[in-house]
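Participant: Sequence:
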Amino acid sequence: MTEKNPLTQWSYRKLVLFLSSNGGLGYAPIAPGTFGTLAGIPTFYYLSRFSWPLQSLTLIAILFLSIWACDIAGTFYAEADDGRIVIDELIGYLVATAFLPFSWPAAILGFIWFRIFDIVKPPPANWFDREMKNGLGVTLDDVMAGIYAAIALRICLWIF
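Residue numbers for the sequence shown follow this note's numbering, so the first one is 1 and each next one is one higher.
In short, the hints are calculated from the structure, not lab data. Possibly wrong hints are sitting among the right ones.
With a cut-off of at most 20 Å between alpha-carbon atoms, the simulated SDA-like pairs for lysine to any residue come out as follows [to be verified]:
id, residue 1, residue 2
1, Lys133, Ile151
2, Lys121, Thr58
3, Lys121, Met132
4, Lys133, Ala80
5, Lys121, Leu17
6, Lys14, Ala98
7, Lys133, Leu38
8, Lys133, Leu17
9, Lys121, Ala61
10, Lys121, Lys14
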């Protein structure tokens with residue numbers, strides 16, 4: 001940001017922090033990642049009504065928004081994966097539920113599976129988390145958790 005106007009800089013900072021915290025959910029006093037993931041449920045509801053091409057484009061847009069917001073917010077907080085940054089949980093959850101019709105069982109199971117894989121961080125999610133201390137790494141570890149959750153969710157939905 002090269003702009004010298006303090007009002008513009010303040011507005012830019014507020015926008016980045018608002019987006020990176022999923023509208024403030026990342027400021028929850030306990031389990032901000034879990035609260036941040038909650039934003040995914042209504043988003044899943046609305047995205048599930050989109051055609052698959054529009055859903056794909058929206059997911060890609062949210063992915064790039066997450067990378068950008070995580071990167072900038074990480075510099076504001078002086079920590080790449082600050083606990084208040086939870087937009088990466090949103091894209092991870094949306095990867096888990098992508099292209100499924102909305103149902104409460106899918107929404108809740110997707111939430112549970114995503115949180116499990118986000119906490120456990122099986123490879124390569126743990127590598128992104130450990131080695132890439134920037135917006136890309138912060139986002140990709142959740143995308144990987146979302147891929148694992150998507151597989152587990154679809155197996156559960158198929159079995160039950």
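Participant: Against each hint, give a clear statement of whether it holds in the structure.
Facilitator: Here is what the structure says about each hint:
1. The straight-line distance between the Cα atoms of Lys133 and Ile151 is roughly 27 Å, outside the 20 Å bound, and the hint therefore fails.
2. Simply put, Lys121 and Thr58 have alpha-carbon atoms about 25 Å apart, too far for the 20 Å limit, and the pair is violated.
3. Straight-line distance between C-alpha atoms of Lys121 and Met132 comes to about 14 Å, which keeps the hinted pair within the 20 Å bound.
4. In summary, the hint linking Lys133 to Ala80 is supported, as the alpha carbons are separated by about 5 Å, within the 20 Å threshold.
5. Distance hint between Lys121 and Leu17 is unfulfilled; the C-alpha atoms sit about 25 Å from each other, more than 20 Å.
6. The hinted pair formed by Lys14 and Ala98 fails the criterion: a straight-line CA distance of about 29 Å is larger than 20 Å.
7. Proximity of Lys133 to Leu38 is assessed by CA-CA distance (about 24 Å); at most 20 Å being required, the pair is judged violated.
8. Taken as a hint, the Lys133 and Leu17 pair is honoured in the structure, with Cα atoms around 18 Å apart against an allowance of 20 Å.
9. Distance hint between Lys121 and Ala61 is unfulfilled; the C-alpha atoms sit about 24 Å from each other, more than 20 Å.
10. The suggested pairing of Lys121 with Lys14 is violated, with an alpha-carbon distance near 30 Å, which exceeds 20 Å.
Hints 1, 2, 5, 6, 7, 9, 10, counting from the list given before, are not met by this structure.
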